[in-house]
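Student: Spelled out, the chains give:
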Amino acid sequence: MFFNDDHNDIRALAREFAEKELAPIANEIDQNDEVPQRIYDLMAEMGFFGLKIPEEYGGLGLDTRSYVCVMEEICKKSIAASLVMSSCNSLSTAPMLLAGTEEQKQKYIPKIASGEEFMAFGLTEPGAGSDAASMTTRAVEDGDSYILNGRKCFITGAPFAQNTVIFAKTSPEKGAKGITSFIVDMSLPGVSVGKHEDKMGLRGVATSDVVLEDVRVPKDCILGEIDRGFITAMKTLNTGRIGVSCQGIGVAQGAMDEAVPYMKERKQFGQRLADFQGLRFLMADCEARLNAARLSVYNAAYMMDMKEDATKAASMAKYFATETGLDIVSKCLQMFGGYGYVKEYPIERMYRDARVLTIFEGTSQVQQIVIAGELFGR
Amino acid sequence: MNILVCIKQVPDIEKIKVDSAKKVMIMDGVPNIVNQFDTYALETAVRIKDADPATKVFVVTMGPAQTKDAMKSCLSVGADRAYMVTDDVMNDSDTLATSYVLSAAAKAIEAREGVTFDLILCGKQAADGDTGHVGPQLAEYLNYPQITSASEITVDGGKVSARRPTDEGAEVVAAVLPAVVTMSQTAYEPRYASVKTKMAANRAEIPVLTAADLSLDAAGVGLAGSPSKVIKTFVPERKKGGLKIQEETGELSAQKLTALLSDAGVI
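Same order as they appear, the protein sequences are chains A and B.
Residues in the first sequence are numbered consecutively from 1, following the UniProt record's numbering.
Residues in the second sequence are numbered consecutively from 1, following the UniProt record's numbering.
Hints in this document: simulated from the structure, not taken from any laboratory.
The structure displayed is predicted, hence computed values, not measured ones.
Among these hints, one or two may not hold up.
Computed Cβ-Cβ distance ranges for the label pairs, DEER-style [unchecked claim]:
| # | chain 1 | residue 1 | chain 2 | residue 2 | range |
| --- | --- | --- | --- | --- | --- |
| 1 | A | 102 | B | 113 | 39 to 47 Å |
| 2 | A | 271 | B | 19 | 47 to 55 Å |
| 3 | B | 25 | A | 373 | 52 to 60 Å |
| 4 | B | 112 | A | 187 | 29 to 37 Å |
| 5 | A | 28 | B | 52 | 52 to 60 Å |
| 6 | A | 344 | B | 264 | 22 to 30 Å |
| 7 | B | 245 | A | 266 | 48 to 56 Å |
| 8 | B | 27 | A | 271 | 48 to 56 Å |
| 9 | A | 270 | B | 19 | 25 to 33 Å |
| 10 | A | 111 | B | 27 | 43 to 51 Å |
| 11 | B | 115 | A | 235 | 22 to 30 Å |
| 12 | B | 52 | A | 235 | 45 to 53 Å |
| 13 | A | 55 | B | 115 | 29 to 37 Å |
| 14 | B | 246 | A | 344 | 21 to 29 Å |
Glycine included, every Cβ here is placed at the ideal spot set by N, Cα and C.
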């Protein structure tokens with residue numbers, strides 16, 4: 001009901017890629033803390049980086065459901081491998097598509113679609129997480145430039161990004177209405193990246209601070225209007241939610257795919273785990289809730305494709321799919337008993353990978369604020 | 001240069017399960033794929049095109065309507081044009097009848113497209129029938145030289161030279177074009193489709209040729225044109241488990257083997 005033949009073919013292509021290329025190395029990616037370049041090259045060639053990017057900027061101009069199909073299949077095997085592609089289709093390009101000039105779009109987006117360059121998204125700060133508007137990074141006008149000072153943290157891909165969209169206060173007295181977004185070349189004097197965060201999961205894609213010390217950013221790198229950056233940030237995060245919700249349903253399905261065959265093999269008390277009614281009911285519950293989560297994601301994607309307001313639907317999908325997904329992965333891990341707690345089985349990694357989903361790109365609590373705001377008014 | 005690659009759609013044998021009680025293969029829900037050796041043949045052709053963009057790669061298959069999926073799959077990984085040969089009169093064709101049809105199809109496609117095929121590539125055998133007959137028989141029908149089971153080919157100066165792996169190593173043989181070459185596994189893997197090529201393949205027109213289009217002799221196709229007769233099919237009995245001798249040293253292993261053979265009265 002949600003998908004046509006093209007969607008199904010795109011899904012089949014992504015599934016083949018994930019099963020052949022990602023499944024065999026998913027644990028290796030985690031242990032080496034690195035996604036091999038070969039994988040990125042393949043994903044770029046297959047067009048995954050530019051799925052949603054408009055054709056005039058080197059992408060395929062496909063709909064949100066096409067993106068959902070690819071993300072879901074990749075995340076069944078490795079969420080880490082989905083991070084860069086998800087960013088290219090949302091956080092990296094949405095700010096420019098929403099607020100950029102034609103020149104900026106032509107300059108940056110095609111290279112992101114082709115995988116040549118990566119654009120990081122610098123919003124979060126040590127003291128400004130969910131409360132992004134309380135950021136302290138400053139941008140002060142100086143002739144034909146702005147001088148940026150501050151520190152961004154937990155920036156996915158910052159260590160290998162050529163550019164980062166940085167949000168900084170240009171009119172601090174105006175709060176959220178005094179924030180401007182800039183495209184910052186990471187090779188500019190005064191830009192440095194902090195140490196790579198030693199993350200619990202999603203290992204394989206480096207995350208670090210971006211430190212800005214008297215960085216002179218030319219005015220043609222201002223993205224959108226002065227003091228209008230916070231709107232760009234919030235709209236960008238809206239588009240990102242669907243990607244994280246796909247990670248939730250993908251990893252949950254991946255965990256089910258591990259647990260079900262194991263339960264058919266593993267025997268205790270003289271019978272298979274799959275024969276214990278208590279465990280059968282528990283897994284039936286997981287299956288039913290995963291189905292509901294999946295439908296909430298598909299529904300939000302469909303609404304986006306129909307150009308309906310999907311703010312609430314996307315927040316609900318992100319909230320429900322990640323909370324449910326995390327719980328399903330945890331239940332599946334439980335089926336493995338002690339083996340679920342050792343790195344020999346993929347379920348251990350899946351659990352660590354899934355844990356961040358209820359945190360990044362808007363915590364579950366922020367999603368609840370958004371949903372409640374739609375219910376009661378803000 | 002124009003290359004024709006002959007394709008067979010086969011069940012994905014890795015997904016076939018066996019009902020051990022009834023001793024039959026469970027074919028329900030088994031997806032159809034392009035025969036693996038044929039994918040190596042196609043990849044080989046597309047690599048020739050990569051090196052020489054003037055090259056055109058055509059694919060052809062004989063089979064029922066659902067072989068369209070195989071054709072779309074080939075178009076998504078580099079084939080320029082795909083033809084299906086589909087006609088109920090061809091049902092139950094054996095390898096001889098199949099190669100007769102394919103030889104006629106090759107000629108018909110040449111006429112329609114206004115080209116001549118310099119090279120015809122096939123997989124060396126199909127995953128279902130496993131006979132390895134069609135490539136060689138096709139060469140005979142066309143009266144072209146043939147090279148079988150090649151793992152690598154190069155085309156130069158009106159000739160194709162092929163590397164054929166053997167038990168001892170490999171031999172390199174050459175044939176004058178036009179020629180038929182059947183491919184075994186290559187050192188390279190077939191490429192993936194991209195989202196773009198996949199969607200383009202979905203929209204491509206795939207012409208269907210019938211027996212009438214090929215002016216075939218009815219006696220040469222289908223069951224009537226098939227000299228091979230299947231007497232019966234059965235699941236072979238499993239051999240009883242052998243005995244593995246692995247003592248600490250080779251000498252001890254040899255002693256154990258001779259003792260066993262001696263006890264059995266063999267030596």
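Student: If a hint holds in the structure, say so; if it does not, say that too.
Tutor: Here's how the hints hold up against the structure:
Look at residue 102 (chain A) against residue 113 (chain B): about 43 Å separates their beta carbons, and that is inside 39 to 47 Å. Distance hint check for residue 271 (chain A) and residue 19 (chain B): the Cβ-Cβ separation is about 23 Å, which falls outside the suggested range of 47 to 55 Å. Checking the proposed 52 to 60 Å range against residue 25 (chain B) and residue 373 (chain A) shows it holds: the Cβ atoms sit about 58 Å from each other. Distance hint for residue 112 (chain B) and residue 187 (chain A): a CB-CB separation of about 56 Å, inconsistent with the stated range 29 to 37 Å.
In this structure the supplied range 52 to 60 Å is violated for residue 28 (chain A) paired with residue 52 (chain B), their Cβ-Cβ distance being about 38 Å. For residue 344 (chain A) and residue 264 (chain B), the hinted distance range of 22 to 30 Å is not satisfied, since their beta carbons lie about 43 Å from each other. In this structure the supplied range 48 to 56 Å is violated for residue 245 (chain B) paired with residue 266 (chain A), their Cβ-Cβ distance being about 34 Å. Take residue 27 (chain B) and residue 271 (chain A): their Cβ atoms lie about 31 Å apart, and the range 48 to 56 Å is violated.
Between residue 270 (chain A) and residue 19 (chain B) the beta carbons are some 26 Å apart, a value that agrees with the proposed interval 25 to 33 Å. At roughly 48 Å, the beta carbons of residue 111 (chain A) and residue 27 (chain B) sit within the given window of 43 to 51 Å. Roughly 53 Å separates the CB atoms of residue 115 (chain B) and residue 235 (chain A), a value that falls outside the hinted 22 to 30 Å. The hint said 45 to 53 Å for the Cβ distance between residue 52 (chain B) and residue 235 (chain A), and at roughly 48 Å that hint holds.
Take residue 55 (chain A) and residue 115 (chain B): their Cβ atoms lie about 32 Å apart, and the range 29 to 37 Å holds. Taking the beta carbon of each, residue 246 (chain B) and residue 344 (chain A) are about 27 Å apart, inside 21 to 29 Å as hinted.
Violated hints for the displayed structure, listed by number in ascending order: 2, 4, 5, 6, 7, 8 and 11.
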